[in-house]
Amino acid sequence: MYRHVKPHYFSIDAIMAAQEKIACRFTKKIECVGFLDSLISEKEDGESDPKIELPFWMIKVFLIEKSIQFDMPKAYNEIYRGVLTADANVVDLFKLCKHFYLFGKFLSQLEHREAYEVRRVLIQTFVDRFKQTMDWAQNIDDNQPCFNRLDCLERKIFNDARVAQQQLNTYLTEGSGQMEIAAMILNYRKRKMHENCVKE
Amino acid sequence: MYCDKVIELLKELERSREDTIPPYNNDGINQVLSEMKTLDTEIIDIVRKNEKGNWPTNAIRLRRAAIERNKRCLMTYIWTRLQRLKEMRWEIGAILPSDVRQNLSQSEIEWFNNYCKSLVSYMKTIGSDTGLNLIEDTKPPKSLYTEVRSLVDAGKLELESGEVLILRKNSQYMLSRSQAEPLIRQGVLEQVKH
Numbered sequence: 001m002y003r004h005v006k007p008h009y010f011s012i013d014a015i016m017a018a019q020e021k022i023a024c025r026f027t028k029k030i031e032c033v034g035f036l037d038s039l040i041s042e043k044e045d046g047e048s049d050p051k052i053e054l055p056f057w058m059i060k061v062f063l064i065e066k067s068i069q070f071d072m073p074k075a076y077n078e079i080y081r082g083v084l085t086a087d088a089n090v091v092d093l094f095k096l097c098k099h100f101y102l103f104g105k106f107l108s109q110l111e112h113r114e115a116y117e118v119r120r121v122l123i124q125t126f127v128d129r130f131k132q133t134m135d136w137a138q139n140i141d142d143n144q145p146c147f148n149r150l151d152c153l154e155r156k157i158f159n160d161a162r163v164a165q166q167q168l169n170t171y172l173t174e175g176s177g178q179m180e181i182a183a184m185i186l187n188y189r190k191r192k193m194h195e196n197c198v199k200e
Numbered sequence: 001m002y003c004d005k006v007i008e009l010l011k012e013l014e015r016s017r018e019d020t021i022p023p024y025n026n027d028g029i030n031q032v033l034s035e036m037k038t039l040d041t042e043i044i045d046i047v048r049k050n051e052k053g054n055w056p057t058n059a060i061r062l063r064r065a066a067i068e069r070n071k072r073c074l075m076t077y078i079w080t081r082l083q084r085l086k087e088m089r090w091e092i093g094a095i096l097p098s099d100v101r102q103n104l105s106q107s108e109i110e111w112f113n114n115y116c117k118s119l120v121s122y123m124k125t126i127g128s129d130t131g132l133n134l135i136e137d138t139k140p141p142k143s144l145y146t147e148v149r150s151l152v153d154a155g156k157l158e159l160e161s162g163e164v165l166i167l168r169k170n171s172q173y174m175l176s177r178s179q180a181e182p183l184i185r186q187g188v189l190e191q192v193k194h
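Going down the list, the sequences are from chains A and B. Following the working numbering, the numbering of the first sequence begins with 1 at its first residue and continues without gaps. Following the working numbering, the numbering of the second sequence begins with 1 at its first residue and continues without gaps.
No wet-lab data here; the hints were simulated from the structure. A few of these clues could be false.
[To be verified] No more than 20 Å apart at the CA atoms, straight line, and that leaves these computed lysine to aspartate or glutamate pairs for EDC-like:
id, chain 1, residue 1, chain 2, residue 2
1, A, LYS156, B, GLU18
2, A, LYS98, B, GLU91
3, A, LYS98, B, GLU12
4, B, LYS169, A, GLU180
5, A, LYS190, B, GLU91
6, B, LYS71, B, GLU91
7, A, LYS95, B, GLU14
8, A, LYS131, A, ASP87
[Said to hold, decoys possible] Computed footprint of chain B on chain A, listed as stretches where at least three residues anywhere in the stretch have a Cβ under 8 Å from a Cβ of chain B:
id, stretch
9, 52-63
10, 186-199
[Said to hold, decoys possible] Derived, one-sided and incomplete: chain A residues facing chain B with beta-carbon distance under 7 Å:
id, residue
11, PHE10
12, ILE12
13, ILE15
14, GLN19
15, SER67
16, ALA86
17, MET179
18, ILE181
All values reported here derive from a predicted model rather than from experimental measurement. Backbone N, C-alpha and C fix where the C-beta goes; we use that ideal spot for every residue, glycine too.
Okay, chain B solo, but in the shape it has when bound (with noise of 0.2 Å):
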């Protein structure tokens, strides 16, 4: 029956957790235009086939409807993929995991790309001279240092006054909040509860 396989398309998304995204399925893609390409040059002979004012209307009306709706589930199959693409860049960063950048199509990663390019280049134009980080303080801060305890062995952190500080594990620091955040985002540190 028509549409049988961009449901699968559907169904295949729909399946996989809302915070992951599965492998760009080219080849069912691909099926589901040559599909719609059957579909459209059905229609043509039809409409050759019979004489005007004689068309077996509902045989035209249901392949239209069916490339139509074709369409329509091709471009949620993109949307949602890139609706999950953008929360990723807002909760891990510019930088995807690899097993996340293997599963995007080349034209997913430019997105991703452009996406990124325009957030930080709005980001810069608004706010005072040095721009506004919309990602730092996503909840009200209190205070402008935090204690924080590092969960693994970091390395070397650059610290705004210029100073390097090494994170080592279990031990714990005093931060400035906007340098903390990102850190405890990525999991690195956490935050001390008092």
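Extracted from the complex, chain A is given alone in its bound form (with noise of 0.2 Å):
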């Protein structure tokens, strides 16, 4: 279950949070690069730093020669932080940042002078938060609209929660060495009988 959890090379919600964007303005002159003359020369007549909206692994690579400058995003900035240091559970973080947690880390990575204080806050909200996923998971039997609050970090935790949860129970009602049917078999044949549903 681990391995759903850790990002690696493949894992594709590490791919999804470095598409997050960030607004950022150029402090050099940037050539060659097509479509950013076209957004840069729209707003140049009237303002002096045109903002734009760029994804993260983009802004790495001009990071590298400090060609750009951006500010922390939305969920990860003062006020943000200090709403989730107040308290935590009330956030609806599915809404904020659909991948807080690892967009965090990422942002934190880089050489920015709020990077330490966003590692903090990420440190913090989950500790904050994960009591309460973990009681959602195990207690409240119809949890949608809490599930819904989640981000997907903490998303993966409630689902494994919930299996080991019911494999417990199953454990003490049933006992062990009870032989089932794969679960995607049943999946599939249930997907099966609303399509036939559907077609009638």
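With the hints as a guide, dock the two chains, each given alone in a separate frame, to form the complex.
The structure is reproduced here in structure tokens:
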């Protein structure tokens, strides 16, 4: 189960987290980048430093030569850090940022004056919310409303926790060694049945 | 912007349920590959146009990063599909349902066949003379025989002793565990709970 949680080269979550956009502005002139020219020239007449949004992995490239500056995105700025420190449990993380922890981790690895603070808040938020996540997973039957408020990492932990709890319950009521239909085949049949219903 | 197409591919995969495989998107992959080729020629053009020592390094770095990222995403696309396919081999068995098979590419079918072959030949080499079936006894067995109920009219079943049993819906049988387990996994039989 651990393999689902830890980001690796082939992890879709890590790729998606690096695709999140950050507002930034250039401090040096960038040449020969086709799509940037059009983005910048549109605004250049009025403003002196045009802000554009670029995905995280591009920012990383420009940071090598320090030709870009960025502010921490909304979910990690000072105001939200305050909210998360005050009470992390009330925040709807999924709405705030789908890959809150992973993206935050990537951000905190960059050279930025707020990086340390972000790192601290990430850990604190996780610790504060973890108890509640486990509580939901183990005790509430209809947990869709709670589930919707979790970030991707928490969702995985939540699902694993639910499965573990169900397994424990079956063990306590029925004992071990029961052979069962493979989950994949069961789901496959359900889908088939549903498709047939729709056709009729 | 760079890499948008490949992200679409991954989103398509992410949206699908984890125990299914969506159709192999050949067009999408070809588009990404051609984007990578364009990026590569662009880099060469930039290098040729500008004098040495005066290269716009940012532009080159960005394109290179885009190529690398495209590569990573494409490999992830293929890898994730293979992981799901591999899981199917263990859950469903060597014969895939036809609608799963339809969604695979030619090389994925080849890979699946090779995987089955390697698995079988590995299982032959371990254990005693006849080999060891790793798919059997995924949960610790408590007895050699087990009571099962048939869920469908499955027809004839030849037992290890050579006798032939006719499985009828809703009737109960006493079968050896090793013979019952694959049928239970396929949903033909169900174990009677005591």
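Numbers of unmet hints, in rising order: 2, 6 and 16
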